[in-house]
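As they're listed, the protein sequences go chains H and V. Position 131, counted from 1, in the first sequence is what the numbering used here calls 165; the numbers after and before it change by one each time, with no gaps. Position 128, counted from 1, in the second sequence is what the numbering used here calls 162; the numbers after and before it change by one each time, with no gaps.
It cannot be assumed that every hint is accurate.
Which copy is meant is left open, so a pair is good if it fits within one copy or across any two.
Unchecked claim - Result set (DSSO-like, lysine-lysine): computed pairs, CA atoms no more than 27 Å apart in a straight line:
| id | residue 1 | residue 2 |
| --- | --- | --- |
| 1 | K215 | K399 |
| 2 | K102 | K236 |
| 3 | K236 | K183 |
| 4 | K236 | K155 |
| 5 | K199 | K236 |
| 6 | K183 | K74 |
| 7 | K236 | K215 |
| 8 | K399 | K358 |
| 9 | K102 | K313 |
| 10 | K236 | K313 |
Hints in this document: simulated from the structure, not taken from any laboratory.
Chain by chain, the residues run as shown.
There are 2 protein chains.
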Amino acid sequence: MTLAARLVDIHSHVYLPRYAALLRARTTVPRILTSSRDGKPDDRLLILDRDTGRPVGPQYWDRDEKIKFMDRHGIDLTVVSSANPWLDFLPASEAQTLASQLNEDLEQYCADSPSLSPSLKRIYGFGMLPLVPEISIAALLEAIDQISKLSYLKGIIMGTRGIGKGLDDEALDPVWAALEKTGLVVFLHPHYGVNSEEWGEKNNGHVLPLALGFPFETTIATTRLILAGVFDRFPSLRLLLAHSGGALPQLSSRLASCIDHDPVVASRLEHDARWYLGKLYYDAIAYGPEELGFVSDVIARSQRYEPGSSIPTNAPVDRALGSKRMLFGTDHPFFPPLQSTEKWQSVVDNLQAIDAVSGWGQAEKDNVHGGNALSLFNLIQL
Amino acid sequence: MTLAARLVDIHSHVYLPRYAALLRARTTVPRILTSSRDGKPDDRLLILDRDTGRPVGPQYWDRDEKIKFMDRHGIDLTVVSSANPWLDFLPASEAQTLASQLNEDLEQYCADSPSLSPSLKRIYGFGMLPLVPEISIAALLEAIDQISKLSYLKGIIMGTRGIGKGLDDEALDPVWAALEKTGLVVFLHPHYGVNSEEWGEKNNGHVLPLALGFPFETTIATTRLILAGVFDRFPSLRLLLAHSGGALPQLSSRLASCIDHDPVVASRLEHDARWYLGKLYYDAIAYGPEELGFVSDVIARSQRYEPGSSIPTNAPVDRALGSKRMLFGTDHPFFPPLQSTEKWQSVVDNLQAIDAVSGWGQAEKDNVHGGNALSLFNLIQL
Chain H
35 MTLAARLVDI
45 HSHVYLPRYA
55 ALLRARTTVP
65 RILTSSRDGK
75 PDDRLLILDR
85 DTGRPVGPQY
95 WDRDEKIKFM
105 DRHGIDLTVV
115 SSANPWLDFL
125 PASEAQTLAS
135 QLNEDLEQYC
145 ADSPSLSPSL
155 KRIYGFGMLP
165 LVPEISIAAL
175 LEAIDQISKL
185 SYLKGIIMGT
195 RGIGKGLDDE
205 ALDPVWAALE
215 KTGLVVFLHP
225 HYGVNSEEWG
235 EKNNGHVLPL
245 ALGFPFETTI
255 ATTRLILAGV
265 FDRFPSLRLL
275 LAHSGGALPQ
285 LSSRLASCID
295 HDPVVASRLE
305 HDARWYLGKL
315 YYDAIAYGPE
325 ELGFVSDVIA
335 RSQRYEPGSS
345 IPTNAPVDRA
355 LGSKRMLFGT
365 DHPFFPPLQS
375 TEKWQSVVDN
385 LQAIDAVSGW
395 GQAEKDNVHG
405 GNALSLFNLI
415 QL
Chain V
35 MTLAARLVDI
45 HSHVYLPRYA
55 ALLRARTTVP
65 RILTSSRDGK
75 PDDRLLILDR
85 DTGRPVGPQY
95 WDRDEKIKFM
105 DRHGIDLTVV
115 SSANPWLDFL
125 PASEAQTLAS
135 QLNEDLEQYC
145 ADSPSLSPSL
155 KRIYGFGMLP
165 LVPEISIAAL
175 LEAIDQISKL
185 SYLKGIIMGT
195 RGIGKGLDDE
205 ALDPVWAALE
215 KTGLVVFLHP
225 HYGVNSEEWG
235 EKNNGHVLPL
245 ALGFPFETTI
255 ATTRLILAGV
265 FDRFPSLRLL
275 LAHSGGALPQ
285 LSSRLASCID
295 HDPVVASRLE
305 HDARWYLGKL
315 YYDAIAYGPE
325 ELGFVSDVIA
335 RSQRYEPGSS
345 IPTNAPVDRA
355 LGSKRMLFGT
365 DHPFFPPLQS
375 TEKWQSVVDN
385 LQAIDAVSGW
395 GQAEKDNVHG
405 GNALSLFNLI
415 QL
C-alpha cells in the first residue's frame with residue numbers, strides 16, 4: 035500500500051480523561067450526567083441548549099476504543115481533536131491552564147499510540163487555544179508556541195466565537211499571524227448553531243441543530259472571516275472547514291453578488307468571494323456524492339477568479355482539481371449506529387459518497403481518502 | 035418563438051400602491067421613509083432589523099416600470115408577488131381586510147397589463163393570505179377561495195412564520211389541504227433571516243442577512259415542513275422555494291443522516307429526506323452555474339429514494355431531469371445595478387449561470403427560462 039492509498043480520518047473527536055472528569059464534576063451544561071442502569075454506567079453528555087443528552091462512554095476518552103474503531107473501518111491514521119464545547123465555558127485563567135494541560139495530554143495520547151510505520155504514529159492531534167473572553171493575546175500566542183513545539187500536534191481546533199466577538203475581531207490578527215507562521219492547520223468547527231428559537235416547538239430531537247445549525251454556524255464564521263479580509267492579510271493561513279464547509283459553497287455566488295451590490299464591502303476585499311473558497315480545506319463529511327462533487331467544483335472554480343485569469347466564467351470546471359482540498363473524516367464518536375453493527379453507517383455513507391463522486395478518478399479518491407491529509411499535515415516525508 | 039422559448043420571471047416583487055401608501059404612513063419599521071434631496075423624492079425602504087434602508091422608487095409600485103424592466107431584459111412574462119414583509123406587522127382584522135384588497139388590486143394590476151398573445155397577459159400574480167397570529171383558519175380559507183377565483187392569480191407568496199408558530203404548525207393543515215386542492219403554487223420566501231446577533235459587530239452592510247440569513251430561513255422552514263410530514267399528508271402541494279432552496283440542497287444528505295440517527299423522527303416520515311427535495315420547485319436565482327447544476331442533481335437524485343427504486347445510490351444522476359423543477363427569476367426590483375446600465379448585473383449573472391450549467395442542453399435551458407413556469411402555472415393551454 036502506498037502512502038497515497040492510506041485512509042486518514044481528520045475529523046475525529048476525543049474528550050481527554052482530564053476533560054471528561056471536568057465535565058463529570060459540573061452541575062450545569064455542558065456536563066456529563068452520571069447515572070447507572072441495571073448496574074452499568076449510563077452516562078449522558080449534555081452540550082447543546084435544550085439538550086436531552088446523548089449516551090457517552092469509553093469511545094469518547096479511551097484511546098483503545100479509538101484504535102478499535104479505526105481498525106474496524108480500515109482507518110490507518112487519525113488526527114484527533116477535542117470535541118466542542120472545548121473551553122468556552124471557563125474563566126480565562128482556568129481556560130489557559132487547562133488548554134496547556136490538555137495539549138500536553140493530547141501529545142502523550144498520540145505518543146503512546148501504535149506506530150503505522152517506522153516514522154508514523156497512528157494518531158496525531160489538533161491542540162486547543164484558550165479562546166475565551168478576557169484572555170490576553172499573549173496567552174493565545176503562548177499556546178500556539180506550545181502546540182507548535184509538540185511533535186504530534188499538527189494544528190488546532192477552534193470554535194467560532196474567538197475571544198467573545200467572533201473570528202472577524204481584529205484583536206485576533208496576531209493569532210492568525212502566528213498560526214500562519216507556524217503552519218499549524220486551523221480546524222474550524224461549530225458548537226452553538228443559531229438561536230434555538232428557529233427550530234420551533236415540535237420535537238425533532240437533535241435533527242435541526244445538528245443538520246442545519248452546525249453548518250450554518252460554520253458558514254457564518256467563514257463568511258465573516260472573508261468579509262473581514264483575514265484571508266487577504268494572512269494568505270497562507272490553512273483553514274479546514276468542518277462538514278464540507280456547511281452551506282458556504284452553495285451560497286458563495288449569492289455572497290459574491292451581495293458583496294458586488296455593497297460598495298463599502300466590495301471595496302475592501304481583494305478578490306471575488308468565490309476566490310477565497312479555493313484557498314480553504316474541507317472535510318468530506320457531507321454524506322452524499324452530489325454534495326462532495328459540488329464542493330469540489332466550487333474549489334476548482336476559484337481559478338476563474340484569480341487576478342488576471344483568462345478563464346471565462348462559463349467554462350466548465352475541472353472537478354478533479356477541487357478534490358485536492360477535501361479530506362475524509364468520520365466525526366467519531368458522534369453519530370454512532372443505532373444497533374451494534376460491524377461498521378458505522380455514518381462512516382460507510384461518507385466512504386460510499388467519496389467512491390460515487392462522478393468526475394473523480396481513483397487518484398482523486400485516494401487523495402481524499404488520505405493523500406491530501408498526509409500532505410496537509412506534512413506527514414508524507416516522515 | 036415557441037412558448038417553450040419564452041423568458042418567464044417567476045420571482046419579481048411589487049409593493050402595490052395601496053401597500054406602499056401604508057408603508058409611507060408608518061412611523062416604525064417596516065416603513066418607507068420619505069424625504070427629498072435637491073428637490074427630488076429620496077425615499078428609503080426600511081424592512082430589516084438594524085436596517086439602514088435602501089433607495090425605493092417607482093420600480094417598486096409602477097407597472098410601467100416593471101414592463102420597462104421586462105422589455106430591457108427580454109422577459110416575456112412575469113409572475114409578480116408582493117415583497118416581504120407582506121402583512122406580518124398588522125393585527126389580524128387589518129391583515130384580513132388588506133389581503134383581500136391587495137389580491138383584488140393585484141388582479142387588476144395583471145388584468146391591465148399588456149397582452150403577450152391573444153390568450154396570455156404579460157403579468158400574472160401570486161396573491162397573499164393574511165398569515166398573522168390570531169387570524170382564524172376560516173379567514174385563511176376564505177382568502178384562498180378568493181385567490182383561486184381571480185383569473186390572473188396563479189399562486190400565493192408566503193413567509194415562514196405561518197400564524198405565529200412557523201409552517202410546521204398542525205393548525206395549518208386545512209390551509210395546505212385547500213392549497214393542494216386549488217392547485218395554487220405556494221411561493222415560499224424569506225423575510226426574517228436568523229437572529230441578527232449572528233452577524234457580529236463589523237459593518238458588512240446588508241451582505242450577511244441577505245447572502246446567508248435569507249437562504250437559512252428558507253432552509254429551516256422547508257426542513258421543518260419535511261419533518262412535520264406536511265409533504266406526506268399533502269403530496270400534491272406545489273411549493274416553490276426562493277433563492278434555489280437556500281442551503282437545503284447542500285445540507286440534504288446530512289439532514290437524511292441526522293434523521294436516520296433519530297428514530298423518533300425517522301419513524302414518522304414516509305421517505306428519505308432527499309426524496310422530498312425532488313417534489314419541490316426551485317427558482318434559478320443562485321448566481322452561479324455550479325450551484326444551479328448541483329440543485330438540478332439534487333432534484334434528479336430524488337428518484338433513488340422512490341419506494342421500490344432499484345437505482346443504486348452510487349449511480350450517476352441525470353442532471354437534465356432535475357432542470358424540470360427549476361425556474362428563472364430576477365428578484366426585481368431588489369439588487370439594482372449600482373450605476374445606470376443597460377441591463378441589471380444580477381439578472382445577467384443568473385441568465386449566464388443558466389446558460390453555463392454543464393449537462394444542460396438547449397431544451398433544459400429553454401425549460402428553465404420559461405417552459406417550466408408556463409407548465410407549472412398552467413399557462414400553456416391558454
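Comparing the hints with the structure gives:
For the homomeric pair K215 and K399, neither the shortest alpha-carbon distance inside one copy (30 Å) nor that between copies (48 Å) is at most 27 Å. With identical chains, the CA atoms of K102 and K236 are never at most 27 Å apart, being 38 Å at best within one copy and 46 Å at best between copies. For a Cα distance limit of 27 Å, the shortest separation of K236 from K183 qualifies neither inside one copy, at 49 Å, nor across copies, at 34 Å. With identical chains, the CA atoms of K236 and K155 are never at most 27 Å apart, being 46 Å at best within one copy and 43 Å at best between copies.
In this homomeric assembly, K199 and K236 come within 27 Å of each other (Cα to Cα) only across copies, at 10 Å, whereas the closest approach inside a single copy is 31 Å. Within a single copy, K183 and K74 get their C-alpha atoms no closer than 41 Å, and across copies no closer than 66 Å, so neither meets the 27 Å cut-off. Within a single copy, K236 and K215 get their C-alpha atoms only as close as 48 Å, which misses the 27 Å cut-off; across copies the closest is 26 Å, which meets it. For a Cα distance limit of 27 Å, the shortest separation of K399 from K358 inside one copy, 10 Å, qualifies, whereas the shortest one across copies, 31 Å, does not.
For a Cα distance limit of 27 Å, the shortest separation of K102 from K313 qualifies neither inside one copy, at 34 Å, nor across copies, at 42 Å. When the C-alpha separation of K236 and K313 is checked against a cutoff of 27 Å, the pair qualifies only between copies, where the shortest distance is 23 Å, while the shortest distance within a copy is 40 Å.
In summary, the numbered hints that this structure violates are 1, 2, 3, 4, 6 and 9.
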